[in-house]
Amino acid sequence: MSRQIGEVILDLQKVSLAFGGVKALTDISFDVREHEIRAIIGPNGAGKSSMLNVINGVYRPQEGEIILRGQHFSKMNPYKAAKAGISRTFQNIALFKGMNVIDNLMTGRNLKIRSNLLQQAFWWGPARREELAHRAKVEEVIDFLEIQHIRKTPVGRLPYGLQKRVDLGRALAMEPSILLLDEPMAGMNVEEKQDMCRFILDVNDQFGTTIVLIEHDMAVVMDISDRVVVLDYGKKIGDGDPDAVRANPEVISAYLGASH
Amino acid sequence: MPETTSSPALDTFPRLLVNHARVRGDKPAMREKDLGIWQCWTWQDVADEVCAMACGLVEMGFRRGENVAIVGDNRPRMYMMMTAVQCLGGVPLPLYQDAVANEMLFVLVDAEVRFLFVEDQEQVDKVLELQEQLPQLKHLFYGDPRGMRHYTQPFIHDVRELLEMGRVHHRQHPDLLAAEIARGASLDVSVMLYTSGTTGRPKGVCLTHHAFISAARGGAEFDRLSADEDILSYLPMAWVGDHLFSFAQALLTGFTINCPESAETVMNDLREIGPTYYFAPPRVFENLLTQVMIRMQDASAIKQKMFHYFMGVARRSGAEILDGRPVSTADRLLYALGRFFVFAPLKNVLGMSRVRVAYTAGAAIGPDLFRFYRSIGINLKQLYGQTETCAYVCLQPDGQIKFDSVGKPAPGVEVKIADNGEILVRGPMLLKEYYKRPDATAEALNADGYFMTGDAGIFDGDGHLKIIDRAKDVGKLTNGAMFAPNYIENKLKFFPYIKEAVVFGDRREMVCAFINIDIGAVGNWAERRGLAYSGYTDLGAKPEVYGLIQESIEQINSELVGEGALADSQIHRFLILHKELDPDDDELTRTRKVRRGFVAEKYGVLIDALYGGKDSQFIETAVKFEDGRQGKVAADLVIRDLKTFAVAGRATA
Numbered sequence: 001m002s003r004q005i006g007e008v009i010l011d012l013q014k015v016s017l018a019f020g021g022v023k024a025l026t027d028i029s030f031d032v033r034e035h036e037i038r039a040i041i042g043p044n045g046a047g048k049s050s051m052l053n054v055i056n057g058v059y060r061p062q063e064g065e066i067i068l069r070g071q072h073f074s075k076m077n078p079y080k081a082a083k084a085g086i087s088r089t090f091q092n093i094a095l096f097k098g099m100n101v102i103d104n105l106m107t108g109r110n111l112k113i114r115s116n117l118l119q120q121a122f123w124w125g126p127a128r129r130e131e132l133a134h135r136a137k138v139e140e141v142i143d144f145l146e147i148q149h150i151r152k153t154p155v156g157r158l159p160y161g162l163q164k165r166v167d168l169g170r171a172l173a174m175e176p177s178i179l180l181l182d183e184p185m186a187g188m189n190v191e192e193k194q195d196m197c198r199f200i201l202d203v204n205d206q207f208g209t210t211i212v213l214i215e216h217d218m219a220v221v222m223d224i225s226d227r228v229v230v231l232d233y234g235k236k237i238g239d240g241d242p243d244a245v246r247a248n249p250e251v252i253s254a255y256l257g258a259s260h
Numbered sequence: 261m262p263e264t265t266s267s268p269a270l271d272t273f274p275r276l277l278v279n280h281a282r283v284r285g286d287k288p289a290m291r292e293k294d295l296g297i298w299q300c301w302t303w304q305d306v307a308d309e310v311c312a313m314a315c316g317l318v319e320m321g322f323r324r325g326e327n328v329a330i331v332g333d334n335r336p337r338m339y340m341m342m343t344a345v346q347c348l349g350g351v352p353l354p355l356y357q358d359a360v361a362n363e364m365l366f367v368l369v370d371a372e373v374r375f376l377f378v379e380d381q382e383q384v385d386k387v388l389e390l391q392e393q394l395p396q397l398k399h400l401f402y403g404d405p406r407g408m409r410h411y412t413q414p415f416i417h418d419v420r421e422l423l424e425m426g427r428v429h430h431r432q433h434p435d436l437l438a439a440e441i442a443r444g445a446s447l448d449v450s451v452m453l454y455t456s457g458t459t460g461r462p463k464g465v466c467l468t469h470h471a472f473i474s475a476a477r478g479g480a481e482f483d484r485l486s487a488d489e490d491i492l493s494y495l496p497m498a499w500v501g502d503h504l505f506s507f508a509q510a511l512l513t514g515f516t517i518n519c520p521e522s523a524e525t526v527m528n529d530l531r532e533i534g535p536t537y538y539f540a541p542p543r544v545f546e547n548l549l550t551q552v553m554i555r556m557q558d559a560s561a562i563k564q565k566m567f568h569y570f571m572g573v574a575r576r577s578g579a580e581i582l583d584g585r586p587v588s589t590a591d592r593l594l595y596a597l598g599r600f601f602v603f604a605p606l607k608n609v610l611g612m613s614r615v616r617v618a619y620t621a622g623a624a625i626g627p628d629l630f631r632f633y634r635s636i637g638i639n640l641k642q643l644y645g646q647t648e649t650c651a652y653v654c655l656q657p658d659g660q661i662k663f664d665s666v667g668k669p670a671p672g673v674e675v676k677i678a679d680n681g682e683i684l685v686r687g688p689m690l691l692k693e694y695y696k697r698p699d700a701t702a703e704a705l706n707a708d709g710y711f712m713t714g715d716a717g718i719f720d721g722d723g724h725l726k727i728i729d730r731a732k733d734v735g736k737l738t739n740g741a742m743f744a745p746n747y748i749e750n751k752l753k754f755f756p757y758i759k760e761a762v763v764f765g766d767r768r769e770m771v772c773a774f775i776n777i778d779i780g781a782v783g784n785w786a787e788r789r790g791l792a793y794s795g796y797t798d799l800g801a802k803p804e805v806y807g808l809i810q811e812s813i814e815q816i817n818s819e820l821v822g823e824g825a826l827a828d829s830q831i832h833r834f835l836i837l838h839k840e841l842d843p844d845d846d847e848l849t850r851t852r853k854v855r856r857g858f859v860a861e862k863y864g865v866l867i868d869a870l871y872g873g874k875d876s877q878f879i880e881t882a883v884k885f886e887d888g889r890q891g892k893v894a895a896d897l898v899i900r901d902l903k904t905f906a907v908a909g910r911a912t913a
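Each protein sequence line maps, in turn, to chains A and B.
So in my numbering, the last one in the first sequence is 260, and the numbering has no gaps at all.
So in my numbering, the last one in the second sequence is 913, and the numbering has no gaps at all.
It is possible that some hints are incorrect.
No more than 16 Å apart at the CA atoms, straight line, and that leaves these computed lysine to aspartate or glutamate pairs for EDC-like [unchecked claim]:
#1 A/Lys23 x A/Glu63
#2 B/Lys839 x B/Glu787
#3 B/Lys692 x B/Glu703
#4 B/Lys884 x B/Asp842
#5 B/Lys668 x B/Asp720
#6 B/Lys892 x B/Asp842
#7 B/Lys884 x A/Glu191
#8 B/Lys884 x B/Asp370
#9 A/Lys152 x B/Glu524
#10 A/Lys152 x B/Glu532
#11 B/Lys662 x B/Glu580
#12 B/Lys293 x A/Glu250
#13 B/Lys853 x B/Asp868
#14 B/Lys802 x B/Glu787
#15 B/Lys862 x B/Asp887
#16 A/Lys137 x B/Asp294
#17 A/Lys83 x A/Glu175
#18 B/Lys293 x A/Glu139
#19 B/Lys668 x B/Asp722
#20 A/Lys235 x A/Glu250
#21 B/Lys696 x B/Asp370
#22 B/Lys293 x A/Glu140
#23 B/Lys884 x B/Asp844
#24 B/Lys293 x A/Glu146
#25 B/Lys386 x B/Glu363
#26 B/Lys839 x B/Asp896
#27 A/Lys193 x B/Asp887
FYI, nobody ran anything at the bench for these hints, they're computed from the structure.
Everything numeric in this text was worked out from a predicted model, so none of it was measured.
When you get a sec, could you build the whole thing from the sequences and use the hints?
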């Protein structure tokens, strides 16, 4: 790989999040460098998805702050996150099932559309030019993910593995600088996992996109990520490159349940 | 058009291209879908790119007469590269894009390939795998830059670099290419196609410009093809059929070829383009029909009723109407109604609304399958030919279609039947030689210049040729009756539930069969019955599925009993194989023909069990997965006896 891992682009400092009395995240700090693939792992209920939701502003942490490209956000929200170039996929696929693949990907371009509702309704002048340009971008994503054959198929009719790919496609259509992937390979068979790994690596390599991913399949995580954060019961118990994390006794015990 | 195409100056493909650029420079020559939109190259565009490619090759050190391998899906630039190589007196050598690296190795070494043009990263990787065994390899060009950023080897180039280099070269030496084209002769080898090799190593078949242009012209005049035809080029470029239709005939008549976006989108692209001239091997027609039938089974009751009623009308009179034979007025009216409600929409779904002539070849087509397409008004015809004859020996004339024959000898072709039943052919379209194999050339061409096809056939009373089987496959049962395995297998394969079949019987007392079920069709059938299964092996072993297949075979037995000499070929016992026969396991050729000898050897225990009267047999088989890994499939296979029918007028044994 020739890509250069750059400076810290996203820095989380002492983030704590609680739902009433339940502490989902306690005092967590870690950073993400530009162009790297950063994995968040941990057993069920460790707070991985909460962590992702904090990053793109779905949850507001009670304490701590998020520093994105040097800018401090104590209150991130999804709109700001999206504007700042963060896009994500969902664990339980949140696509519009009745719409076809193209339309679903077009929703990923929503933020970039400048023309107003009226212009769009009549598909007139600038709106028309704009939509064509966005459609061209969407077609590039379709080409990239090799889903030409299902362009016009309603998403609800697609098999699960392809829906996951379309979900990734919608996130890519935003041309994000940071991509958050919530269990992109959950429930897939070996071949689908291999394909997905290939796509994630290609996105990272060709577009230089920084990727933060949550994944359960340890083999996959260790294979593709540059650095790994390990969470357990809302606390950070490990952080480092895959080999260091693998050797960390606390991580081993959290995963295997052995006492240390 | 004919006066220009038959003028003596246009006797090589590069000269044909130059002429098209002059005569119809702004007409579409090639289309390809890119980012969802069909992109078009006019004949002038094609001529310009071919010129740039050829000049680029010269700049890269191309030597006149050398072979250039081309590997990939059907892409405009792949076709252009063929002509570019021909301009320089070289020989393009298309290879099957799904061949694994080792299969490519033999050909690349045999043909001393120094220049390779491949489609994408996947193919580049295959070549790099072989790099050490290819010391002569000089330059590797790729068409699709995706994923190629990190390949820094100096001999790997984007084809755009070649084009750029060629344009510069052409500006500096504007007359060079014209001079090179002028040096070409019609008896030069224009293309080398390796035979898939049902037996032994593949052989490079050398075909001349003259041969392919003669074959293309004969076919084009026979079917009155014009420059306005549109075809979809989706079959492997290494296959002689694609070379004849998408390359030779397109360059001869000047019609448009359309390259699909990807292998998965062919059905969609077919619908969008609506070709007027269409070519597909029987299995494609078979798959299409299976899909239609499956979808019909899921349709509403009214639609199903309507479909079956009008298909009944079509079976009765559709083919007769197409052939212009007399049909009762009532049936004509019903057929017109059927066309409105069923046939036209169905043709539209199949992407065949505009098809004027459709051909099938490569293997025998089931008569019922053939009749289906003709009955809904698609002028589907059969042709007969092999790589060595530019796929041009027999064609079915319009209006004289016989379901069980491949038609009459094509214009300019002589066909005769040898004493042992083998079909011999002679004409301008014959191969020049096998590459570096004078022994094989001498074996294939007899003293009178006839090519020995290896097929057994007979002429019927009207001069139509009927192919029975491979000459060497035709055998005898122990009681002396004729045994034609392909004939029976094709009958079996016509059932939508049976994908592949291998029958045995030569020098044996009875006929037995291996069956591969069609996982799509049988899976759907099982689903509708609430039958749970985990995969191919499991589904194939279900007693219900055995019952289903048994019914089908017994129906064939009842048909065979009425076919005179073949009555003794009724199938007595069968089993369903635990894995699908696969070219990756060498059980099928790349064109999906069964390698009978190999299969018989590999599954010897199963054959022994069939003939030994056993009820079941355990087998374990190694399989190769697509990514090159190995695995094992094991199963206890059930063997079933079948009902056979006594021949009338003969005492039952």
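To see whether the hints hold, each was checked on the structure:
With a CA separation close to 12 Å, the supplied pair lysine 23 of chain A and glutamate 63 of chain A stays within the 16 Å bound. Restraint check for lysine 839 of chain B and glutamate 787 of chain B: the C-alpha separation of about 20 Å exceeds 16 Å, so the hint is violated. The straight-line distance between the Cα atoms of lysine 692 of chain B and glutamate 703 of chain B is roughly 13 Å, inside the 16 Å bound, and the hint therefore holds. Of the supplied pair hints, the one linking lysine 884 of chain B and aspartate 842 of chain B holds, its CA atoms being roughly 9 Å apart against a limit of 16 Å.
Under the criterion of a C-alpha separation no larger than 16 Å, the hint pairing lysine 668 of chain B with aspartate 720 of chain B is consistent with the structure, at around 10 Å. A distance of roughly 14 Å separates the Cα atoms of lysine 892 of chain B and aspartate 842 of chain B; the hinted pair therefore holds under the 16 Å criterion. For the given pair, lysine 884 of chain B sits about 15 Å from glutamate 191 of chain A by alpha-carbon distance, which is consistent with the 16 Å threshold. Of the supplied pair hints, the one linking lysine 884 of chain B and aspartate 370 of chain B is violated, its CA atoms being roughly 26 Å apart against a limit of 16 Å.
Restraint check: the Cα-Cα separation between lysine 152 of chain A and glutamate 524 of chain B comes to about 13 Å, which is no more than 16 Å; the hinted pair holds. Between lysine 152 of chain A and glutamate 532 of chain B the CA atoms are separated by roughly 13 Å; this keeps the pair inside 16 Å, and the hint holds. Only pairs whose Cα atoms come within 16 Å are accepted, and lysine 662 of chain B paired with glutamate 580 of chain B is accepted, the gap being roughly 11 Å. As the CA atoms of lysine 293 of chain B and glutamate 250 of chain A are separated by approximately 54 Å, the hinted pair breaks the 16 Å bound.
Straight-line distance between C-alpha atoms of lysine 853 of chain B and aspartate 868 of chain B comes to about 23 Å, which puts the hinted pair past the 16 Å bound. Distance hint between lysine 802 of chain B and glutamate 787 of chain B is fulfilled; the C-alpha atoms sit about 13 Å from each other, no more than 16 Å. The straight-line distance between the Cα atoms of lysine 862 of chain B and aspartate 887 of chain B is roughly 22 Å, outside the 16 Å bound, and the hint therefore fails. For the suggested pair lysine 137 of chain A and aspartate 294 of chain B, the alpha carbons sit about 13 Å apart, so the restraint of at most 16 Å is met.
Among the hinted pairs, lysine 83 of chain A with glutamate 175 of chain A is consistent with the structure: their alpha-carbon atoms are about 11 Å apart, no more than 16 Å. Between the alpha carbons of lysine 293 of chain B and glutamate 139 of chain A the distance comes to roughly 11 Å, so the proposed pair stays at or under 16 Å and holds. Distance check on the hinted pair: lysine 668 of chain B and aspartate 722 of chain B sit about 9 Å apart at the alpha-carbon level, within 16 Å; holds. The straight-line distance between the Cα atoms of lysine 235 of chain A and glutamate 250 of chain A is roughly 12 Å, inside the 16 Å bound, and the hint therefore holds.
A hinted pair counts as satisfied when its Cα atoms are at most 16 Å apart, and lysine 696 of chain B with aspartate 370 of chain B qualifies at roughly 8 Å. Straight-line distance between C-alpha atoms of lysine 293 of chain B and glutamate 140 of chain A comes to about 13 Å, which keeps the hinted pair within the 16 Å bound. Simply put, lysine 884 of chain B and aspartate 844 of chain B have alpha-carbon atoms about 6 Å apart, close enough for the 16 Å limit, and the pair holds. For the suggested pair lysine 293 of chain B and glutamate 146 of chain A, the alpha carbons sit about 14 Å apart, so the restraint of at most 16 Å is met.
Between the alpha carbons of lysine 386 of chain B and glutamate 363 of chain B the distance comes to roughly 10 Å, so the proposed pair stays at or under 16 Å and holds. A C-alpha spacing of about 12 Å is found between lysine 839 of chain B and aspartate 896 of chain B, which places the hinted pair at or below 16 Å, so the restraint holds. In summary, the hint linking lysine 193 of chain A to aspartate 887 of chain B is supported, as the alpha carbons are separated by about 14 Å, within the 16 Å threshold.
Going down the numbered hints, you'll see the structure goes against 2, 8, 12, 13 and 15, while the others check out.
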